[in-house]
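2 protein chains.
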Amino acid sequence: MSTDTLQHWDGISVGDKLPTIKHTVTQEAINQYADASGDHNPLHIDPEFAKGTFYGRTIAHGLMTLAFVSQMMTEWDWDGWAYGGEMDMAFLSPVFPGDEVNVSAEVTTIEKRADGVHALCKLNVFVGDKTILGGTVSRLLSAADT
Amino acid sequence: MSTDTLQHWDGISVGDKLPTIKHTVTQEAINQYADASGDHNPLHIDPEFAKGTFYGRTIAHGLMTLAFVSQMMTEWDWDGWAYGGEMDMAFLSPVFPGDEVNVSAEVTTIEKRADGVHALCKLNVFVGDKTILGGTVSRLLSAADT
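Residue numbers (my numbering), protein chains in the order written: chain Y, 1 to 146; chain S, 1 to 146.
Incorrect hints may appear among the rest.
One-sided and incomplete, this derived list gives chain Y residues near chain S with beta-carbon spacing under 10 Å [what the hints assert, rightly or not]: (1) Ala36; (2) Ser37; (3) Asn41; (4) Gly52; (5) Ile59; (6) Met64; (7) Trp76; (8) Asp77; (9) Tyr83; (10) Asp88; (11) Met89; (12) Pro94; (13) Pro97; (14) Ala114; (15) Thr131; (16) Gly135.
With a straight-line cut-off of 25 Å between C-alpha atoms, the simulated DMTMM-like cross-links for lysine to aspartate or glutamate are [unchecked claim]: (17) Y:Lys130 - S:Glu48; (18) Y:Lys130 - S:Asp88; (19) Y:Lys112 - Y:Asp10; (20) S:Lys17 - Y:Asp88; (21) Y:Lys22 - S:Asp35; (22) Y:Lys17 - S:Asp88; (23) S:Lys22 - Y:Asp10; (24) S:Lys130 - Y:Asp88; (25) Y:Lys122 - S:Asp115.
Hints listed in this document are in silico derivations from the structure and should not be mistaken for laboratory results. Note that the structure is a prediction, hence the values are computed from the model and not measured. Idealized CB from N, CA, C, for every residue including glycine.
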């Protein structure tokens with residue numbers, strides 16, 4: 001079960017930039033995400049409650065930021081993300097209402113594994129110069145012929 | 001920068017079971033998630049379109065299932081997930097409207113790193129006997145005294 005690394009596969013190369021996604025997060029968007037996800041923690045949706053917490057204001061759900069990452073992967077290639085997507089990431093800093101989140105990524109490794117060829121991409125997720133999410137996301141470039 | 005592994009920390013032990021979460025996914029819930037996330041791919045929300053695709057019916061967004069994982073981690077301990085959460089996972093099978101998703105996990109490793117003590121948990125995410133998501137999620141048990 002060896003893993004080979006490649007520089008190119010099917011038009012994708014190490015160093016390729018993925019689509020860039022920008023979203024300005026609003027309290028309204030956070031409230032909508034709370035309803036959809038069922039996560040109504042007052043730290044997300046109650047500005048009065050949030051005043052008494054460490055950050056002094058509401059913060060977005062971490063998975064909302066991850067949804068922007070998913071949007072980037074979907075724009076790049078929906079099938080390879082939905083059917084062969086992987087992620088290895090950490091939540092590093094919170095996102096506040098009014099913040100503009102910038103999501104981009106770069107192909108760092110192309111791996112040929114037993115189940116197919118995968119493109120691993122280093123995430124760059126920032127608000128200003130603050131890193132929000134760090135890690136790697138990947139998609140399947142082609143499934144093995146089995 | 002060595003990493004020590006422990007069997008117990010602050011009341012948490014290797015082998016501990018996390019809270020179990022069950023959700024029956026409906027088309028209505030998928031539509032709501034599409035609005036909140038901005039991902040209106042017809043494969044998720046248009047049953048007529050989905051008839052012509054590989055699965056022949058709509059499928060839930062992968063991040064909706066991940067939101068159930070986040071709910072489990074939140075019930076276990078909100079702070080350590082929101083401020084020190086990590087994940088390393090893969091999407092393995094789709095979820096269809098009507099499916100009951102069962103989410104559970106078990107502490108497999110407690111790691112003392114430079115930034116604090118982390119609990120790594122193996123995910124068990126099933127519909128019936130089909131694995132939906134596989135991998136590891138972790139939370140911070142305590143930050144390093146710095």
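Against the structure, the hints come out as follows:
For alanine 36 of chain Y, the suggested interface contact is upheld, since its CB lies about 4 Å from the closest CB of chain S, less than 10 Å. Because the smallest distance between the Cβ of serine 37 of chain Y and any Cβ of chain S comes to about 4 Å, under 10 Å, the interface hint for this residue holds. Interface hint status for asparagine 41 of chain Y: upheld, as the beta-carbon distance to the closest one in chain S is roughly 7 Å, under 10 Å. At about 15 Å, the closest approach between the beta carbon of glycine 52 of chain Y and any beta carbon in chain S exceeds 10 Å, and the interface hint on this residue is violated.
Among the interface hints, the one on isoleucine 59 of chain Y holds; its C-beta lies about 8 Å from the nearest C-beta in chain S, closer than the 10 Å criterion. Look at methionine 64 of chain Y: its Cβ gets to within about 8 Å of chain S, closer than 10 Å, so that hint holds up. A least Cβ separation of about 14 Å between tryptophan 76 of chain Y and chain S goes past the 10 Å threshold, and the interface hint is therefore violated. Against a cut-off of 10 Å between C-beta atoms, the interface hint on aspartate 77 of chain Y is violated, since the closest Cβ of chain S lies about 12 Å away.
Given hint, tyrosine 83 of chain Y at the interface with chain S, holds; its Cβ is 7 Å from that chain's nearest Cβ, closer than 10 Å. Proximity of aspartate 88 of chain Y to chain S holds as hinted, the smallest CB-CB distance being about 4 Å (cut-off 10 Å). Interface restraint check: methionine 89 of chain Y against chain S, minimum CB-CB distance 6 Å, threshold 10 Å, status holds. With a cut of 10 Å, the hint placing proline 94 of chain Y at the interface with chain S holds, because the nearest CB-to-CB distance is about 8 Å.
Look at proline 97 of chain Y: its Cβ only gets to about 15 Å from chain S, farther than 10 Å, so that hint breaks. With 10 Å as the threshold, the beta carbon of alanine 114 of chain Y stays out of range of chain S, its nearest partner Cβ sitting at about 14 Å, so the hint is violated. For threonine 131 of chain Y, the suggested interface contact is broken, since its CB lies about 14 Å from the closest CB of chain S, more than 10 Å. Taking 10 Å as the C-beta contact cut-off toward chain S, the hint placing glycine 135 of chain Y at the interface holds, the least distance being around 8 Å.
In summary, the hint linking lysine 130 of chain Y to glutamate 48 of chain S is not supported, as the alpha carbons are separated by about 43 Å, beyond the 25 Å threshold. Between lysine 130 of chain Y and aspartate 88 of chain S the CA atoms are separated by roughly 22 Å; this keeps the pair inside 25 Å, and the hint holds. Simply put, lysine 112 of chain Y and aspartate 10 of chain Y have alpha-carbon atoms about 12 Å apart, close enough for the 25 Å limit, and the pair holds. For the suggested pair lysine 17 of chain S and aspartate 88 of chain Y, the alpha carbons sit about 22 Å apart, so the restraint of at most 25 Å is met.
Proposed proximity of lysine 22 of chain Y and aspartate 35 of chain S is supported: the alpha carbons are some 17 Å apart, at most 25 Å. The suggested pairing of lysine 17 of chain Y with aspartate 88 of chain S holds, with an alpha-carbon distance near 22 Å, which does not exceed 25 Å. Between the alpha carbons of lysine 22 of chain S and aspartate 10 of chain Y the distance comes to roughly 40 Å, so the proposed pair goes past 25 Å and is violated. A distance of roughly 22 Å separates the Cα atoms of lysine 130 of chain S and aspartate 88 of chain Y; the hinted pair therefore holds under the 25 Å criterion.
As the CA atoms of lysine 122 of chain Y and aspartate 115 of chain S are separated by approximately 22 Å, the hinted pair is consistent with the 25 Å bound.
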